[in-house]
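Number of protein chains: 2
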Amino acid sequence: MSLIIDCHGHYTTAPKALEDWRNQQIAGIKDPSVMPKAADLQISDDDLRHSIETNQLKLMKERGSDITLFSPRASFMAHHIGDFHVSSTWAAICNELCYRVSTLFPDHFVPVAMLPQSPGVDPATCIPELEKCVKEYGAVGINLNPDPSGGHWTSPPLSDRHWYPIYEKMVEHDLPAMIHVSTSCNACFHTTGAHYLNADTTAFMQCLTSDLFKDFPTLKFLIPHGGGAVPYHWGRFRGLAQELKKPLLEEHLLNNIFFDTCVYHQPGIDLLNKVIPVKNVLFASEMIGAVRGIDPQTGHYYDDTKRYIQASTLLSHDDRHQIYEANVRRVFPRLDARLKQKGL
Amino acid sequence: MSLIIDCHGHYTTAPKALEDWRNQQIAGIKDPSVMPKAADLQISDDDLRHSIETNQLKLMKERGSDITLFSPRASFMAHHIGDFHVSSTWAAICNELCYRVSTLFPDHFVPVAMLPQSPGVDPATCIPELEKCVKEYGAVGINLNPDPSGGHWTSPPLSDRHWYPIYEKMVEHDLPAMIHVSTSCNACFHTTGAHYLNADTTAFMQCLTSDLFKDFPTLKFLIPHGGGAVPYHWGRFRGLAQELKKPLLEEHLLNNIFFDTCVYHQPGIDLLNKVIPVKNVLFASEMIGAVRGIDPQTGHYYDDTKRYIQASTLLSHDDRHQIYEANVRRVFPRLDARLKQKGL
Numbered sequence: 050m051s052l053i054i055d056c057h058g059h060y061t062t063a064p065k066a067l068e069d070w071r072n073q074q075i076a077g078i079k080d081p082s083v084m085p086k087a088a089d090l091q092i093s094d095d096d097l098r099h100s101i102e103t104n105q106l107k108l109m110k111e112r113g114s115d116i117t118l119f120s121p122r123a124s125f126m127a128h129h130i131g132d133f134h135v136s137s138t139w140a141a142i143c144n145e146l147c148y149r150v151s152t153l154f155p156d157h158f159v160p161v162a163m164l165p166q167s168p169g170v171d172p173a174t175c176i177p178e179l180e181k182c183v184k185e186y187g188a189v190g191i192n193l194n195p196d197p198s199g200g201h202w203t204s205p206p207l208s209d210r211h212w213y214p215i216y217e218k219m220v221e222h223d224l225p226a227m228i229h230v231s232t233s234c235n236a237c238f239h240t241t242g243a244h245y246l247n248a249d250t251t252a253f254m255q256c257l258t259s260d261l262f263k264d265f266p267t268l269k270f271l272i273p274h275g276g277g278a279v280p281y282h283w284g285r286f287r288g289l290a291q292e293l294k295k296p297l298l299e300e301h302l303l304n305n306i307f308f309d310t311c312v313y314h315q316p317g318i319d320l321l322n323k324v325i326p327v328k329n330v331l332f333a334s335e336m337i338g339a340v341r342g343i344d345p346q347t348g349h350y351y352d353d354t355k356r357y358i359q360a361s362t363l364l365s366h367d368d369r370h371q372i373y374e375a376n377v378r379r380v381f382p383r384l385d386a387r388l389k390q391k392g393l
Numbered sequence: 050m051s052l053i054i055d056c057h058g059h060y061t062t063a064p065k066a067l068e069d070w071r072n073q074q075i076a077g078i079k080d081p082s083v084m085p086k087a088a089d090l091q092i093s094d095d096d097l098r099h100s101i102e103t104n105q106l107k108l109m110k111e112r113g114s115d116i117t118l119f120s121p122r123a124s125f126m127a128h129h130i131g132d133f134h135v136s137s138t139w140a141a142i143c144n145e146l147c148y149r150v151s152t153l154f155p156d157h158f159v160p161v162a163m164l165p166q167s168p169g170v171d172p173a174t175c176i177p178e179l180e181k182c183v184k185e186y187g188a189v190g191i192n193l194n195p196d197p198s199g200g201h202w203t204s205p206p207l208s209d210r211h212w213y214p215i216y217e218k219m220v221e222h223d224l225p226a227m228i229h230v231s232t233s234c235n236a237c238f239h240t241t242g243a244h245y246l247n248a249d250t251t252a253f254m255q256c257l258t259s260d261l262f263k264d265f266p267t268l269k270f271l272i273p274h275g276g277g278a279v280p281y282h283w284g285r286f287r288g289l290a291q292e293l294k295k296p297l298l299e300e301h302l303l304n305n306i307f308f309d310t311c312v313y314h315q316p317g318i319d320l321l322n323k324v325i326p327v328k329n330v331l332f333a334s335e336m337i338g339a340v341r342g343i344d345p346q347t348g349h350y351y352d353d354t355k356r357y358i359q360a361s362t363l364l365s366h367d368d369r370h371q372i373y374e375a376n377v378r379r380v381f382p383r384l385d386a387r388l389k390q391k392g393l
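Note that the protein sequences, when read in sequence, are chains B and W. Take 50 as the starting number for the first sequence in my numbering and just add one per residue. Take 50 as the starting number for the second sequence in my numbering and just add one per residue.
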């Protein structure tokens with residue numbers, strides 16, 4: 050039996066006090082006299098437990114998954130709000146909550162850190178929070194936002210040296226990054242319906258056109274939401290790489306780039322598994338996230354992605370083991386070490 | 050036998066004099082003393098004929114397609130360059146060339162117009178060029194750029210009243226619009242690998258979140274490149290529409306939105322045809338466009354999309370007829386009228 054490890058979970062169900070604190074912080078940007086202190090936020094262990102037991106953990110048990118890699122709510126990162134100090138305080142609070150969840154449910158949740166990014170600010174400023182999350186909280190990965198401006202895309206591409214301080218730390222600590230944007234504040238882009246998927250495609254193409262992984266041969270990026278538009282247009286990307294005189298994508302990118310399974314219908318998951326090598330696919334659901342309803346065509350939750358993996362006629366028993374467990378442990382070596390310590 | 054109508058072709062092979070003139074025009078933005086006149090561009094019928102006979106028409110004959118809906122090169126529209134006057138002169142030149150091609154090869158090319166859009170300028174300014182193309186050139190559709198800024202996305206969403214003057218003319222003249230961006234001048238977005246696909250997804254989601262087609266029940270949008278990320282994530286979009294309390298996508302969008310077949314590998318085309326109703330799929334290749342090479346996995350051109358349609362095991366003979374001809378004639382009523390006049 051494989052462990053079923055969901056590599057893409059966010060704390061979307063945090064107690065309302067968190068959102069209230071954030072709103073107060075946002076008010077404090079304009080009026081410093083109302084700016085709250087971090088210590089003003091009081092959430093008890095019981096409140097955390099309740100928010101998880103009635104939501105993620107309940108669904109994990111119903112759907113049959115064991116472990117979730119758990120990071121702060123993606124749409125709430127909102128790095129475009131305020132300055133670095135605002136982002137820094139907010140990231141610290143959110144990361145601490147995910148850490149506390151991981152200590153309350155050590156068999157089921159493992160923390161992944163958000164970074165205190167801020168538009169126009171050197172990403173190196175994120176390193177102290179990153180180090181804290183790894184060393185004190187046991188974070189096994191990070192979420193890296195390629196567009197902290199929230200839909201205006203004012204940062205350099207991921208291949209730019211701008212980002213290298215983060216990559217150096219990732220390599221040093223054996224941390225993969227999920228490339229995940231946050232809320233769009235550009236009226237053109239719906240957050241979960243356009244901005245998220247666009248960012249996935251954009252990040253992949255930034256890697257394709259560059260030689261980033263020559264500089265960082267062990268760097269690992271996880272592209273969420275099934276890779277945006279990439280697998281559907283795999284022929285286009287193979288052809289573009291060819292015109293740019295890059296190596297075959299398997300060699301050029303697939304030692305470093307991985308896709309999750311957050312694709313919410315059977316034909317999409319089938320395409321993903323037809324086109325992308327099994328070794329590059331990691332199980333994930335992003336449950337209680339962008340799409341929370343029940344699909345009238347199946348009677349099941351759209352985001353119950355395990356059903357699609359189970360129903361796939363393309364995957365062998367061993368393929369499923371790779372997707373559910375082995376690939377996740379390989380891409381997240383600190384998770385693997387943690388599980389081995391527990392005899393798993 | 051069906052006519053095989055390729056609804057997405059650009060004049061990517063125009064004689065070099067066109068590019069030289071454009072470069073001179075761009076130089077003239079900074080230094081008005083070198084600004085060329087439209088009349089300075091001289092391209093003979095023989096040059097036009099040669100550029101088509103050795104390229105598009107040759108491939109159409111080899112691949113077995115009959116008619117191409119032919120518009121100016123998408124990446125050259127570059128609406129972000131200069132002001133409305135610059136765009137206007139440029140659009141007039143490019144549209145006239147496509148018209149001339151259609152008169153030189155009346156059985157094979159039918160013009161579709163680009164618009165002289167310019168960032169921050171009222172789209173109503175495009176109407177004189179649109180009217181000319183319809184009335185004098187016989188254009189059967191338009192290409193509408195949802196982001197004339199070239200990757201900065203500074204215009205309102207397509208659902209905004211900003212765009213209504215164009216929609217009113219489209220409805221009046223029975224013109225569909227292909228929603229097609231141009232070159233990205235944002236370093237984050239590779240033009241054909243990210244910006245094009247992102248724009249397709251973005252446009253679809255702008256329609257999904259709005260009630261645009263209640264205001265314009267007969268408006269028709271063609272989303273190119275197989276709909277960007279949309280069919281691959283069809284479950285996500287169904288689920289998002291459900292959360293937004295919109296009708297089912299079939300009713301909410303699929304009377305007005307259509308997808309072309311510019312997807313450059315068999316699994317992608319198969320997904321498109323599995324997920325999207327046949328009536329919403331229109332044959333297209335965008336040949337000699339973004340991906341011009343030969344796929345080493347098949348030995349054929351990536352953009353020879355007819356091969357994928359032919360090889361599909363999902364499509365019946367009648368389905369193919371819909372995709373190759375009937376849907377294109379239904380979505381482009383002026384094309385249908387033109388073909389009927391010829392007894393086709």
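If you're looking for bench data, these hints aren't it; they were derived computationally from the structure. There could be a bad hint or two in this list.
Derived Cβ-Cβ restraints for the label pairs, each shown as a range [what the hints assert, rightly or not]: (1) B:Ile-343 / W:Ala-360: 52 to 58 Å; (2) B:His-211 / W:Lys-65: 36 to 42 Å; (3) B:Glu-292 / W:Ile-78: 38 to 44 Å; (4) W:Arg-379 / B:His-211: 57 to 63 Å; (5) W:Gln-346 / B:Gly-348: 36 to 42 Å; (6) W:Thr-347 / B:Pro-326: 54 to 60 Å; (7) W:Thr-174 / B:Pro-214: 23 to 29 Å; (8) W:Ala-360 / B:Glu-292: 19 to 25 Å; (9) W:Ile-78 / B:Pro-205: 52 to 58 Å; (10) W:Ala-360 / B:Tyr-213: 42 to 48 Å; (11) W:Gly-342 / B:Ile-343: 41 to 47 Å; (12) W:Thr-174 / B:Lys-79: 52 to 58 Å.
List time: in silico EDC-like cross-link candidates among lysine to aspartate or glutamate, alpha-carbon distance up to 20 Å [claimed, not checked]: (13) B:Lys-86 / B:Asp-171; (14) W:Lys-294 / B:Asp-344; (15) B:Lys-295 / W:Asp-344; (16) W:Lys-295 / B:Asp-344; (17) B:Lys-294 / W:Asp-344; (18) B:Lys-323 / W:Asp-367.
It should be emphasised that the depicted structure is a prediction, and the values quoted were computed from it without experimental measurement. All C-beta atoms, glycine included, are put in the ideal place defined by N, C-alpha and C.
These are the hints, each one checked on the structure:
1. Checked against the hint of 52 to 58 Å, the C-beta distance between B:Ile-343 and W:Ala-360 comes to roughly 35 Å, which is inconsistent with it.
2. The hinted range of 36 to 42 Å is satisfied by B:His-211 and W:Lys-65, whose Cβ atoms lie roughly 37 Å apart.
3. In this structure, B:Glu-292 and W:Ile-78 break the distance hint of 38 to 44 Å, their C-beta atoms being roughly 30 Å apart.
4. Checked against the hint of 57 to 63 Å, the C-beta distance between W:Arg-379 and B:His-211 comes to roughly 49 Å, which is inconsistent with it.
5. In this structure the hint that W:Gln-346 and B:Gly-348 lie 36 to 42 Å apart at CB holds, the actual value being about 38 Å.
6. Remark: the range hint 54 to 60 Å for W:Thr-347 to B:Pro-326 is contradicted by a beta-carbon distance near 19 Å.
7. For the pair W:Thr-174 and B:Pro-214, the supplied restraint of 23 to 29 Å is violated, since their beta-carbon distance comes to about 46 Å.
8. As the Cβ distance of W:Ala-360 to B:Glu-292 is approximately 24 Å, the hint placing it in 19 to 25 Å holds.
9. Look at W:Ile-78 against B:Pro-205: about 26 Å separates their beta carbons, and that is not inside 52 to 58 Å.
10. For W:Ala-360 and B:Tyr-213, the hinted distance range of 42 to 48 Å is satisfied, since their beta carbons lie about 45 Å from each other.
11. As the Cβ distance of W:Gly-342 to B:Ile-343 is approximately 44 Å, the hint placing it in 41 to 47 Å holds.
12. With their beta carbons about 38 Å apart, W:Thr-174 and B:Lys-79 fall outside the hinted range of 52 to 58 Å.
13. Proximity of B:Lys-86 to B:Asp-171 is assessed by CA-CA distance (about 25 Å); at most 20 Å being required, the pair is judged violated.
14. As the CA atoms of W:Lys-294 and B:Asp-344 are separated by approximately 14 Å, the hinted pair is consistent with the 20 Å bound.
15. Between B:Lys-295 and W:Asp-344, the direct Cα distance comes to roughly 14 Å. Compliance with the 20 Å bound is thereby established for this hinted pair.
16. A threshold of 20 Å between alpha carbons decides the hint, and for W:Lys-295 with B:Asp-344 the separation of about 14 Å falls inside it, so the pair holds.
17. Simply put, B:Lys-294 and W:Asp-344 have alpha-carbon atoms about 14 Å apart, close enough for the 20 Å limit, and the pair holds.
18. A hinted pair counts as satisfied when its Cα atoms are at most 20 Å apart, and B:Lys-323 with W:Asp-367 does not qualify at roughly 27 Å.
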